[in-house]
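A.B. asks: As you go down the protein sequences, you meet chains A and B in turn. When we follow the numbering used here, the leftmost residue of the first sequence carries the number 1, and every step to the right adds one. When we follow the numbering used here, the leftmost residue of the second sequence carries the number 236, and every step to the right adds one.
In case anyone wonders, no lab produced these hints; they're calculated from the structure. Beta carbons: idealized from backbone N, C-alpha and C, even for Gly. Check before you lean on any hint, since a few could be wrong.
Unchecked claim - Pair by pair, the computed Cβ-Cβ distance ranges are:
id, chain 1, residue 1, chain 2, residue 2, range
1, A, R148, B, A257, 34 to 40 Å
2, B, E301, A, L10, 41 to 47 Å
3, A, E52, B, S260, 40 to 46 Å
4, A, K11, B, R271, 50 to 56 Å
5, A, A22, B, A331, 20 to 26 Å
6, A, E151, B, R390, 46 to 52 Å
7, A, R132, B, E301, 35 to 41 Å
Claimed, not checked - Partial list, derived from the structure: chain B residues whose beta carbon lies under 7 Å from chain A:
id, residue
8, I307
9, A311
10, V324
11, A397
12, L410
13, M414
14, Q417
15, I420
16, G421
2 protein chains.
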Amino acid sequence: MNEETTGHTLKAFDDDLNRLRALISQMGGLAEHAIREAIRCLQTRDLDAAKEVIANDAKLDALEIETEKRAIQVIALRAPMAGDLRDVVAALKISAVVERIGDYAKNIAKRIPKLEASRDIEPLSLMPEMARIATEMVHDVLNAFVERDAEAAMRVYERDQAVDDFYNSIFRTLLTHMMENQHNIGQAAHLLFIAKNIERVGDHATNIAEMVYYAATGEHLPDRIAKVEEGEADN
Amino acid sequence: MNEETTGHTLKAFDDDLNRLRALISQMGGLAEHAIREAIRCLQTRDLDAAKEVIANDAKLDALEIETEKRAIQVIALRAPMAGDLRDVVAALKISAVVERIGDYAKNIAKRIPKLEASRDIEPLSLMPEMARIATEMVHDVLNAFVERDAEAAMRVYERDQAVDDFYNSIFRTLLTHMMENQHNIGQAAHLLFIAKNIERVGDHATNIAEMVYYAATGEHLPDRIAKVEEGEADN
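Given the sequences, and given the hints that come with them, work out the whole structure.
C.D. replies: This is the structure:
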């Protein structure tokens, strides 16, 4: 390959990669909005807006398919190497995770009609703050991807403990609530699953942090093995 | 590209694809075993074997990384088109889903030490049969992938309703149990999450069924939009 071709190829590859990054940012914006909306609907029992959260999830599904298609094209047409390949594969994998974060918003929204009667269950007051931290983690880790910032990704990774602490506290509070209000056990069970969904959003932000770190440095985060996937919260 | 090169490339590609299929089969075998073992440990309260289920999950993580690496190599080196590309991308995506199925087994195993005191909670009797169907779905859908059998994938897809029915029944039974046995609410909450994990295994088998169907036919399953990701069971 001569110099000129190389320069041309590099420019084209950069354009491709920037388009992938833009798609990921767009997906991230939609997923963050979906989680925030789902929690707002949960607090206000806004059933119409909850339906919209559910319907809007199709946009994320479509954007994931689009990102995957483009990433595969870039790999097949440009055969990128080393750090370039890691970036494209990261985009491919991150889009799948962001799509799943959207699913959690949808799942929360789906439970809202079942909660009509339980406005005053106390652990509800912890849920918005827990969701705020988890959503901020998603926001910051996707920024870290766009800016190839391994340090910023690592900082997001470390914040998941706060989400897990919120979750464990909500779990215990809901169990106590169940023991004291048997008539409300069904509602509390739905809140338990909602809290678990938010906890999973935090886990997925840490999964993305690992992917960003690896894409940027070529090395896995030191304690990757210790914290893969679900189940790091106590319950 | 001359005939000879084409023949050579085709042979090499087929070898690559067969290696990918073999990796997926190996992962599937491990994931099925992990779910079955986790449920056996749940029934017998075998804490040592549960620890092994947790430790063995690292093998699935490693095989997913291996599958991803090989799939990306095949795309970059052979630039496959149409059905060939769909097969490689399907392998890439299916390995990620099988890894997640392994995570559900790990999550179930992690809850077992918390259940020591509740041997006689009744919904436990439904759990093994629910897990048997879900595991069989995983087994059959991965066979369908290896054999590129879209019809077999569709049949797996349809069996998820049985898993959802089991889940809904267990959900209701556990809630009734909670109302009648407040001292057992914590244990019942863990069983609720375990049942949800098994229900998710069935969902993931249907996700794989969609991927197999698309890889084999180039078309999406007709009601793909209606049944993406979590939340299809009632609760």
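A.B. asks: Could you run down the list of hints and mark each one as holding or not?
C.D. replies: Now for the hints, and whether the structure bears them out:
1. Separated by about 35 Å at the C-beta atoms, R148/A and A257/B satisfy the suggested range of 34 to 40 Å.
2. For E301/B paired with L10/A, a C-beta distance near 30 Å fails the hint of 41 to 47 Å.
3. Hint check: E52/A to S260/B, Cβ distance near 42 Å, so the stated range 40 to 46 Å holds.
4. About 53 Å separates the C-beta atoms of K11/A and R271/B, a value consistent with the hinted range of 50 to 56 Å.
5. Separated by about 23 Å at the C-beta atoms, A22/A and A331/B satisfy the suggested range of 20 to 26 Å.
6. Look at E151/A against R390/B: about 49 Å separates their beta carbons, and that is inside 46 to 52 Å.
7. Checked against the hint of 35 to 41 Å, the pair R132/A and E301/B passes, with Cβ atoms roughly 38 Å apart.
8. Against a cut-off of 7 Å between C-beta atoms, the interface hint on I307/B holds, since the closest Cβ of chain A lies about 6 Å away.
9. About 4 Å separates the beta-carbon of A311/B from the nearest beta-carbon of chain A, less than 7 Å, and the hint is met.
10. Contact between V324/B and chain A, as hinted, is supported at the beta carbon level, the nearest pair being about 6 Å apart and thus within 7 Å.
11. At its closest, the beta carbon of A397/B sits 21 Å from a beta carbon of chain A; the interface hint therefore is violated under the 7 Å criterion.
12. Checking L410/B against chain A: minimum C-beta separation of about 6 Å stays under 7 Å; hint holds.
13. The beta carbon of M414/B comes within 5 Å of a beta carbon in chain A, closer than 7 Å, and the hint placing it at the interface holds.
14. Taking 7 Å as the C-beta cut-off, the interface hint given for Q417/B holds, the closest approach to chain A being about 5 Å.
15. About 5 Å separates the beta-carbon of I420/B from the nearest beta-carbon of chain A, less than 7 Å, and the hint is met.
16. Interface restraint check for G421/B: the shortest CB-CB distance to chain A comes to about 6 Å, inside 7 Å, so the restraint holds.
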